[in-house]
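Position chain B against the provided structure of chain A, taking the given hints into account.
So the chains spell out like this:
2 protein chains.
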Amino acid sequence: MESNFPRYRRVGILGGMGPAAALDLQAKVLALTPATRDEDHLPVVTWNVPQIPDRVAAIAGHGPSPLPAIAEGARSLEAAGAEAIAIACNTAHHWAEELRAGMRVPLLHIVDAVAEAIATRPARPSRIGLLGTRGTLASGFYGRRLEALGFAWIAPDEACQVAYVDPAIAAVKRADRRGAIELFAGAARHLTERGADLLLLGCTELPLALAGSGFEARSLDANHALAEAVVRFARGPQARP
Amino acid sequence: MESNFPRYRRVGILGGMGPAAALDLQAKVLALTPATRDEDHLPVVTWNVPQIPDRVAAIAGHGPSPLPAIAEGARSLEAAGAEAIAIACNTAHHWAEELRAGMRVPLLHIVDAVAEAIATRPARPSRIGLLGTRGTLASGFYGRRLEALGFAWIAPDEACQVAYVDPAIAAVKRADRRGAIELFAGAARHLTERGADLLLLGCTELPLALAGSGFEARSLDANHALAEAVVRFARGPQARP
Chain A
977 MESNFPRYRR
987 VGILGGMGPA
997 AALDLQAKVL
1007 ALTPATRDED
1017 HLPVVTWNVP
1027 QIPDRVAAIA
1037 GHGPSPLPAI
1047 AEGARSLEAA
1057 GAEAIAIACN
1067 TAHHWAEELR
1077 AGMRVPLLHI
1087 VDAVAEAIAT
1097 RPARPSRIGL
1107 LGTRGTLASG
1117 FYGRRLEALG
1127 FAWIAPDEAC
1137 QVAYVDPAIA
1147 AVKRADRRGA
1157 IELFAGAARH
1167 LTERGADLLL
1177 LGCTELPLAL
1187 AGSGFEARSL
1197 DANHALAEAV
1207 VRFARGPQAR
1217 P
Chain B
977 MESNFPRYRR
987 VGILGGMGPA
997 AALDLQAKVL
1007 ALTPATRDED
1017 HLPVVTWNVP
1027 QIPDRVAAIA
1037 GHGPSPLPAI
1047 AEGARSLEAA
1057 GAEAIAIACN
1067 TAHHWAEELR
1077 AGMRVPLLHI
1087 VDAVAEAIAT
1097 RPARPSRIGL
1107 LGTRGTLASG
1117 FYGRRLEALG
1127 FAWIAPDEAC
1137 QVAYVDPAIA
1147 AVKRADRRGA
1157 IELFAGAARH
1167 LTERGADLLL
1177 LGCTELPLAL
1187 AGSGFEARSL
1197 DANHALAEAV
1207 VRFARGPQAR
1217 P
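Residue numbers (this note's numbering), protein chains in the order written: chain A, 977 to 1217; chain B, 977 to 1217.
Looking at chain A on its own, in the form it has when it is part of the complex:
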């Protein structure tokens, strides 16, 4: 490397869950980076290998663990010089602590990134409405961390998860954006009626159902928060990883 280039820290993106979420995270990192030349952009290596056992099924006890495949990705990223790793999937953070135990570099945890993004909002939310896969909700890692930070939070009830959230995520995966927006709005109404003043989009598919839903201003996209954390880490050795 040339010594006259800016010295940024290299970040590894662990993707494949699904692969579009890893592209979305890369695009958000690119858009968030102040740059006028190629070399102002941040060094990123992305492992986007989708042959990973299903995360939601594994958390429900219905399938093999994705941990070996995810750990292989982390090792590959470390070998490619990654100085920190970000996982472009909320649900996969169920295995974050086991993954960390085998990693040499820090993990930029998506819930820490969300907590930092909440802290920059003009008003502290009184009740967070958490939207995610049923794997993410069953795992509990989001709720535990939000509670540790002193936030009250609610999740959709089972009827709402079945009628709106699960189908909204599935609609995004099959590229039915109009259907996804309507379903997302149904879940958002349910949570706001129950007092949520901030909707936390804790699934990388849901931001694609947000624009046009009417809930943009009171929503927080976890993948966008993670992109902000990636940029902070890469641009500053003084940044807290």
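Honestly, I wouldn't trust all of these hints.
For chains that are exact copies, the list does not tell them apart, and a pair is met inside one copy or across any two.
Stated by the list, open to error - Below, in silico cross-link-like pairs of lysine to any residue (SDA-like), each with a Cα-Cα straight-line distance of 20 Å or less:
#1 K1149 / A1003
#2 K1149 / D1016
#3 K1149 / D1014
#4 K1149 / G1078
#5 K1149 / R1208
#6 K1149 / L1075
#7 K1149 / E1048
#8 K1149 / A1011
#9 K1149 / R1013
#10 K1149 / G1212
#11 K1149 / F1117
#12 K1149 / A1007
#13 K1149 / Q1027
#14 K1149 / H1200
#15 K1149 / L1083
#16 K1149 / G1119
#17 K1149 / L1008
#18 K1149 / D1088
#19 K1149 / R1165
#20 K1149 / P982
#21 K1149 / G1162
#22 K1149 / R985
Simulated from the structure, these hints should not be mistaken for laboratory data.
Here is chain B on its own, set in the frame of chain A:
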């Protein structure tokens, strides 16, 4: 890896030149892949590290070679299990043969991908108009390969390169899409008036200036052709790399 997953070959994308082109290539691979589930998508690892000496300046003899940085990327991708490598930059193919000499896996050369894409068009072009950076044009690798395949080709004259092509590429890099489209259309008119019946977009910035220019049907995007080659390689061990 689970044995019930489809067995696809892993492809490494060498990016950073600029980083948006590597995202564009990944997005085109994703869009070209027939998939209904995450695991139907292709395993891709992307090295997107933009701290690489300027390619156009190096070809003009005004700067250091980018080859050591590019070769480091290729080694990282091989270490991450890449079974072939695609470079998301036309100009960087100036160093393709030197790079190949140090690689253990095949390079999916962008001009081979373009040649395969031309072969699938309904009519064989009588004269190809080649648009690219002045580094790509000065290098000559595109012209030599097109001639070897029996194609006649022309490039913009210096006045057109200065007035339209260089500024169109710069306009895309600074996200001035409307300006880029007008400039691209100027270059496209110049080449079609000189008899080009196929415009070859041999620079990864130019496709972003194509939509709305009126030249869509008679253009071929080299990065799209490369994405097709990536999909062919990854999906078939029988596919010619």
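* Taking each numbered hint in turn, which are not upheld by the structure, reported in ascending numerical order? -> Violated: hints 4, 5, 6, 7, 10, 11, 15, 16, 18, 19, 22.
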